[in-house]
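**Student:** Residue strings, one per chain:
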Amino acid sequence: MDHVRYIDKTREYYRGEGYDTPYRWAHFDDIPFTPLARPLPECRVGVVTTSEMAIRDEPPPVAEDDPLRDPYTLPSDTPVARLYSRKTAYDRFATTLDDVDSHLPLTRLRELAAAGRIGALAPRFHMAFSQYSQRKTLNVDAPLILARLREDRVDVAVLTAV
Amino acid sequence: MSLVARHLEASGIPTVIFGCARDIVEYCGVPRFVFCDFPLGNPCGTPFDAVMQRDVVALGLALLASATAPGTTVVAPYAWHEQTWKDKCFTKERPFLDEEATAKWVARKQAYRDVKAGGTA
Chain A
1 MDHVRYIDKT REYYRGEGYD TPYRWAHFDD IPFTPLARPL PECRVGVVTT SEMAIRDEPP
61 PVAEDDPLRD PYTLPSDTPV ARLYSRKTAY DRFATTLDDV DSHLPLTRLR ELAAAGRIGA
121 LAPRFHMAFS QYSQRKTLNV DAPLILARLR EDRVDVAVLT AV
Chain B
1 MSLVARHLEA SGIPTVIFGC ARDIVEYCGV PRFVFCDFPL GNPCGTPFDA VMQRDVVALG
61 LALLASATAP GTTVVAPYAW HEQTWKDKCF TKERPFLDEE ATAKWVARKQ AYRDVKAGGT
121 A
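In order, the protein sequence lines correspond to chains A and B. Quick note on numbering: the working numbering labels position 4 of the first sequence as 4, and the sequence is numbered without any gaps. Quick note on numbering: the working numbering labels position 15 of the second sequence as 15, and the sequence is numbered without any gaps.
Don't take every hint at face value.
Claimed, not checked - Below, computed lysine to aspartate or glutamate pairings styled on EDC-like, alpha-carbon distance capped at 16 Å:
no.	chain 1	residue 1	chain 2	residue 2
1	B	Lys88	A	Glu12
2	B	Lys86	A	Glu12
3	B	Lys109	A	Glu64
4	A	Lys9	B	Asp87
5	B	Lys104	A	Glu64
6	B	Lys88	A	Asp2
7	A	Lys9	B	Asp23
8	B	Lys116	A	Asp8
9	B	Lys109	A	Asp70
10	B	Lys86	A	Asp8
11	B	Lys109	A	Asp66
12	B	Lys116	A	Asp66
13	B	Lys104	A	Asp65
14	B	Lys109	A	Glu12
15	A	Lys9	A	Asp20
16	A	Lys136	B	Asp114
17	A	Lys9	B	Glu93
If you are wondering where the hints come from, they were derived from the structure by calculation, not from laboratory data.
Start from the sequences and build out the full structure, keeping to the hints where you can.
**Tutor:** What follows is the structure, given as structure tokens:
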């Protein structure tokens, strides 16, 4: 079976819910490109995700009612068993976010680093929220994540859209 | 997330996105994309299937190393264990957000607009 057309599905769904103005998905004709500068075994890998990770038994990194929901970071050496996702926007009828590595592959990347297939996993990983405002993502969130990845001196970035 | 990938890439950091919403990511246009044809939530493979996850992540790394032009999609060679989710997602039977999550989403959206109108965002 072919892949799901989410743009069409969401348009129909929210029209049925009484929302008349369809969401305008981001679209660009040009796509930036930066080739890999060095072999992966020499690269430090940064990780960015929308999976809203938090650490068990600690306060949530961003308050639930925070309207800005700026990006935040957590240490990459946090044991995966202590991490959980606070995300509610996923297909909760079909699957779960209970296995962190199904949406944030920290264990897999640690394995690859141990095997020498990547240089290292960066010391922090970064959370970006799926914002309502594309302008906020473009003007605030993305530059903030770029600055943090540069602080971590990453060579490449792995992003997971959850 | 596609917008973040584009910004990083334009600023000199090669990126690869793992995702399950192929049409949304490709409509935006990203440098490198590994598509898992799974329900939204597991872009790196089936939960608790470490072998598959290793393979999916390896596809992304290989794409980082091999891509010579932007806009490349690699399809992970896996199917979800059943197919009915594709017809059922985003229906009244299976609304994407439950009522509580929808209420919070609407409240946060309004709060963001209020903050923006106040000139602090």
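**Student:** Now, for every hint given, state plainly whether the structure supports it.
**Tutor:** Results for each hint:
1. Lys88(B) to Glu12(A): holds, 13 Å
2. Lys86(B) to Glu12(A): Answer holds: Lys86(B) to Glu12(A) is near 15 Å, not above 16 Å.
3. Lys109(B) to Glu64(A): holds, 12 Å
4. Lys9(A) to Asp87(B): holds, 10 Å
5. Lys104(B) to Glu64(A): Holds: Lys104(B) and Glu64(A) sit about 8 Å apart, inside 16 Å.
6. Lys88(B) to Asp2(A): Given that 16 Å is the threshold and the Cα spacing comes to 14 Å, the pair holds.
7. Lys9(A) to Asp23(B): Given pair Lys9(A), Asp23(B) holds - Cα atoms ~11 Å apart, limit 16 Å.
8. Lys116(B) to Asp8(A): Since the Cα atoms of Lys116(B) and Asp8(A) sit roughly 29 Å apart, the hinted pair is violated (cutoff 16 Å).
9. Lys109(B) to Asp70(A): Since the Cα atoms of Lys109(B) and Asp70(A) sit roughly 14 Å apart, the hinted pair holds (cutoff 16 Å).
10. Lys86(B) to Asp8(A): OK: Lys86(B) and Asp8(A) at ~13 Å, within 16 Å.
11. Lys109(B) to Asp66(A): Given that 16 Å is the threshold and the Cα spacing comes to 10 Å, the pair holds.
12. Lys116(B) to Asp66(A): Holds: Lys116(B) and Asp66(A) sit about 13 Å apart, inside 16 Å.
13. Lys104(B) to Asp65(A): Status holds; Cα separation ~8 Å.
14. Lys109(B) to Glu12(A): violated, 21 Å
15. Lys9(A) to Asp20(A): holds, 14 Å
16. Lys136(A) to Asp114(B): Given pair Lys136(A), Asp114(B) holds - Cα atoms ~14 Å apart, limit 16 Å.
17. Lys9(A) to Glu93(B): It holds: about 14 Å lies between the C-alpha atoms, which stays within 16 Å.
Comparing the model with each numbered hint stated earlier shows that hints 8 and 14 do not hold.
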